[in-house]
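Trainee: In case you want the letters, here they are:
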Amino acid sequence: AQTVTQSQPEMSVQEAETVTLSCTYDTSESDYYLFWYKQPPSRQMILVIRQEAYKQQNATENRFSVNFQKAAKSFSLKISDSQLGDAAMYFCAYRSAKGNYQLIWGAGTKLIIKP
Amino acid sequence: DAMVIQNPRYQVTQFGKPVTLSCSQTLNHNVMYWYQQKSSQAPKLLFHYYDKDFNNEADTPDNFQSRRPNTSFCFLDIRSPGLGDAAMYLCATSRDTDQPQHFGDGTRLSIL
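These protein sequence lines map, in sequence, to chains A and B.
The numbering used here puts the first sequence at residues 273 to 387.
The numbering used here puts the second sequence at residues 282 to 393.
Only chain A is shown next, with the shape it has when bound in the complex (with noise of 0.2 Å):
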């Protein structure tokens, strides 16, 4: 079975500055989807970055983008020029390309950002 681990609870980042949130998943399958979601308090749950594990280059949303690391089986989120709407938990997931689509979550990390 599949897992997902993010090993970090929280993290703090002074605004502006450059911050990672570190997965690792454990897979036997060689095809499938990474994700990084977003929810802030009280609000909507949302997708941030997709990665796709056939493609080597990593995925890149402005000031968010991954570092996949496909035979280390991890895929961080790093957060670039902090700003104080980024904070939120921060949740990785996966999801298998074939057969069970289910998204496997991890424990989720709470990022706070000082100001």
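It is worth saying that the hints were derived from the structure and are not from the lab.
It cannot be assumed that every hint is accurate.
To be verified - Listed below are the simulated EDC-like cross-link pairs for lysine to aspartate or glutamate, each with C-alpha atoms no more than 20 Å apart in a straight line:
| # | chain 1 | residue 1 | chain 2 | residue 2 |
| --- | --- | --- | --- | --- |
| 1 | A | Lys327 | B | Asp379 |
| 2 | B | Lys325 | B | Asp379 |
| 3 | B | Lys319 | A | Glu282 |
| 4 | B | Lys319 | B | Asp358 |
| 5 | A | Lys370 | B | Asp377 |
| 6 | B | Lys325 | A | Asp298 |
| 7 | A | Lys327 | A | Glu301 |
| 8 | A | Lys370 | B | Glu338 |
All figures in this text were calculated on a predicted structure; none of them were measured in a lab.
Given chain A, work out where chain B should sit, using these hints.
Mentor: Showing chain B alone in chain A's frame:
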């Protein structure tokens, strides 16, 4: 602009009193999901509908039921809520099961 709408945002019910949470979507997506999320935890999938086909997760309690009368609406029924059912309930949709999920704002359920 809201594409996945959950009502109400906050629901309070009494121990053992049936409660229904609703979700509607304007995306015309085939798949609708219900998740339970407890404080500071990841969402836990309860079940999902692919069109009219209902898919229950193996560990979802029998106390939880769902209805999808049409493409746009999906309901979560909790027949006899216990204190342990107090949580945020998230609805999500996707065009297909291999497509990204879009979430609503959630309904926070409290049990008195």
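Trainee: Could you work out which of the previously given hints the structure breaks and list their numbers from low to high?
Mentor: none
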